[in-house]
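Colleague: As a plain string of letters, each chain reads:
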Amino acid sequence: MPNIKLYYFDGDGRAEIIRLILAQGDIKYKDERIQVQDWPTLRNSGKFPFEVLPVLEVDGHIICQSVAIARYVARMGGLAGKTSLEQAKADQIAEYLICDLLNQYIQYLLEDDEFIKLHKRQECFEETIPFHLDKFETILIQNGGEYFTGNLTYADIAFYRFANIVKNYFHFEEAAKKYPKLTALYQRVASLPNIKTWEETKPPNQVPF
Amino acid sequence: MPHIRLIYFNVELRAELIRLILTHGNIQFEDVRFEKEDWPRIKEQNDFLFGQVPILEVDGEQIAQSSAIVRYVARMAGLAGKDSLEQAKADMLADAFSNDIIEKFYRIAFFERDEEMKTRLECEFRDCIMPDFLDRLERYYISNGGHFLLGNDMCYADLAFYRMINVCKRYLRCSHPRLRDLYHKVASLPNISKWEQSKPKTRF
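Protein chains in written order, with the numbering used here: chain A, 1 to 209; chain B, 210 to 413.
The set of hints was computed from the structure by calculation and includes no laboratory data.
Cβ coordinates follow ideal geometry from the N, Cα and C atoms, glycine included.
Errors might be hidden in some of the hints.
Derived, one-sided and incomplete: chain B residues facing chain A with beta-carbon distance under 8 Å [claimed, not checked]:
1. Ile272
2. Tyr281
3. Arg284
4. Ala286
5. Lys291
6. Ser293
7. Ala297
8. Glu333
9. Arg335
10. Asp344
11. Ile351
12. Thr411
13. Arg412
When the alpha-carbon atoms are kept at most 20 Å apart in a straight line, the in silico EDC-like pairs for lysine to aspartate or glutamate are as follows [claimed, not checked]:
14. Lys252/B x Glu146/A
15. Lys82/A x Asp341/B
16. Lys28/A x Glu51/A
17. Lys313/B x Asp256/B
18. Lys5/A x Glu32/A
19. Lys327/B x Glu127/A
20. Lys313/B x Glu32/A
21. Lys313/B x Glu57/A
22. Lys82/A x Glu270/B
23. Lys47/A x Glu295/B
24. Lys313/B x Asp292/B
25. Lys5/A x Glu57/A
26. Lys47/A x Asp341/B
27. Lys196/A x Glu57/A
28. Lys410/B x Glu253/B
29. Lys327/B x Asp309/B
30. Lys135/A x Asp309/B
31. Lys135/A x Glu270/B
32. Lys82/A x Glu295/B
33. Lys117/A x Asp256/B
34. Lys177/A x Glu146/A
35. Lys245/B x Glu221/B
36. Lys47/A x Asp10/A
37. Lys135/A x Glu221/B
38. Lys313/B x Asp344/B
39. Lys30/A x Glu200/A
40. Lys291/B x Glu270/B
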């Protein structure tokens, strides 16, 4: 097993999906949490070629971009998908959850202008996310109802993570009625022993999402 | 070899990298293109997975999300990376080109309506974002031996780089001689140069 270090700020943010996959995949790693005041020095140290976080260091090799890292650790943990086609099916869903939808949410979160923020909130929670939840629910049903590709992959964990980020914006009972399969998937991932253990033992979150 | 159909508008935008990989990999595919005004009809007639294109149909099964499609065809073409770590490095570069640079460019070129804001963003992109990014990329490229982005063997990240430069050409100001060599190396690959000569000519 390679020597693995995950660098990120001291919180969930864009690294949490990676930590969840590492947990489920039973992969040992060093969870390096960087304090905000130490980041400028570290960033200028030349250790991180693209000066962004999260970064995964694997036997000295540096990987950045959270989706690329998520896929790499998913492959390591047997959670990427068994065939090339299954990998693509997992990738397409994970991309929406880790990248597109999350970025839209972050844009709403960081918006300073009150009116624009309200508009972004509406777009995010009344249009974009519900549209995608409908699609995810359909895909689940089309693939046997339990996991997005039929087997547990990092896409299912990505859904669990995304749901944790946005769940306070949704009324749970209503959502459970509208998306019964997704709700069951959420509970299924939450009850995985490694995921449960991680949630019970992880450091408290100190970043905005 | 599965039967492959790529379905997208008759533009480059989010399908061109997929086309480049399929072409370089000598993979037969149906390059299905439609005009903007036909989109409502096409959308209704086909049950696209997320109501969007591009879509890759593989023996009738749909894959959505251009980056998921890119990686799938890269694996098929043997351009994904020779082991898991190299795949991650290729993905990291391709994601950076796409999310950090190309999407920013599209936002400025197509979505920004306010003229003053557009000019400011263009200057920032041309004078800060692109040069900084290319500085770092050139250092990374040199540290890997300076042949292809990840070493001696080509991977899809080299095609993604070529695509990024084509998109952002008009904002390239600084010279990065090693990256320029890489660009020309990819541009001169027989399948790529043949594709550039024979592909449908579109505005973007």
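Colleague: What hints, given by number in increasing order, does this structure fail?
Modeller: Failing hints, ascending: 4, 5, 8, 9, 10, 11, 12, 13, 14, 15, 16, 17, 19, 20, 21, 24, 27, 28, 30, 33, 37, 40.
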